[in-house]
Amino acid sequence: MMYNTIGRKDSEWAGMTAREVRDIGSQSGSIMVIPVGSIEQHGNHLPVVTDSLLVEAMVDAAVERTDDVPLVVSPTVWSGFSPHHLPFGGTLSLDFENLRAILENIAHTGLENGFDAVLFVNGHGGNGPLIGSVVSTVGVDTDAEVLGTTYFELASDRIEALRDTETGGMAHGGEFETSLMLAVRPDLVGEISERDGEPMDEHYRWAGQDLLDGGSVGVYRSFDVYSNSGAIGLPEEANAEKGERIRSIIGDELASLLRAVHENNL
Numbered sequence: 001m002m003y004n005t006i007g008r009k010d011s012e013w014a015g016m017t018a019r020e021v022r023d024i025g026s027q028s029g030s031i032m033v034i035p036v037g038s039i040e041q042h043g044n045h046l047p048v049v050t051d052s053l054l055v056e057a058m059v060d061a062a063v064e065r066t067d068d069v070p071l072v073v074s075p076t077v078w079s080g081f082s083p084h085h086l087p088f089g090g091t092l093s094l095d096f097e098n099l100r101a102i103l104e105n106i107a108h109t110g111l112e113n114g115f116d117a118v119l120f121v122n123g124h125g126g127n128g129p130l131i132g133s134v135v136s137t138v139g140v141d142t143d144a145e146v147l148g149t150t151y152f153e154l155a156s157d158r159i160e161a162l163r164d165t166e167t168g169g170m171a172h173g174g175e176f177e178t179s180l181m182l183a184v185r186p187d188l189v190g191e192i193s194e195r196d197g198e199p200m201d202e203h204y205r206w207a208g209q210d211l212l213d214g215g216s217v218g219v220y221r222s223f224d225v226y227s228n229s230g231a232i233g234l235p236e237e238a239n240a241e242k243g244e245r246i247r248s249i250i251g252d253e254l255a256s257l258l259r260a261v262h263e264n265n266l
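Residue numbers for the sequence shown follow the UniProt record's numbering, beginning at 1 and rising by one.
Hints listed in this document are in silico derivations from the structure and should not be mistaken for laboratory results. Keep in mind that this is a model prediction, so the values were computed, not measured. Where is the CB? At the ideal position from N, CA and C, for every residue including glycine.
For each label pair, taking beta carbons as the anchor points, the in silico distance ranges come out as:
| no. | residue 1 | residue 2 | range |
| --- | --- | --- | --- |
| 1 | 26 | 164 | 44 to 52 Å |
| 2 | 139 | 256 | 20 to 28 Å |
| 3 | 2 | 248 | 22 to 30 Å |
| 4 | 114 | 68 | 17 to 25 Å |
| 5 | 68 | 14 | 16 to 24 Å |
All chains should be modelled from the sequences, with the hints used to inform the complete structure.
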């Protein structure tokens, strides 16, 4: 629970005093980082907090590598835009306009503490277009630099080399996310059977096939069209060692982005 974990990391906004937040915000090239996740079903073997938990873990991995960058990480926005997951239950979704307003409000009020840049780090595919919109709606109303990224789209070529499945196996709740969860919170991973996921089978070859292949065409599908369990991909091909390697790669790449943002705003 938040009451016994907040304040363990020096970069946590929620564990700082207001003066400490402002002191970091006043430094040249300072960055406010806003992780954005979701609470949604991930099949029979992963918890509904997977996206929010993993985006925090990826941001944490990057912060560990950027001791020289003045930054503060806001509390994770734990609910995302997930209407396509509702048929399976367990999902807490915000409306598109509500989530957009929440992210805009967090960014604008956070930037009042003097930060030179704000970076949204997204951990849920359904949030992607919305994050892109918020980068523009916040950016047009502030002098700070506004950026957004989805962590599993960073260094996808390097992660591709680690996979043991064909394209489609690293989709929702599949090899990719299950490996990461086995690395960072194995106690939350349930027993995995061969029927806990099905490879992505999207009709349009231009559409996204898994987390590393976002595609060039967007199409709406309720996830019960793709899967009986709610997971898509092959979680049985996941392992903790692979998850550690993926986290390290993403941590390095996100740290490089943070350092580049810092240097660009000195």
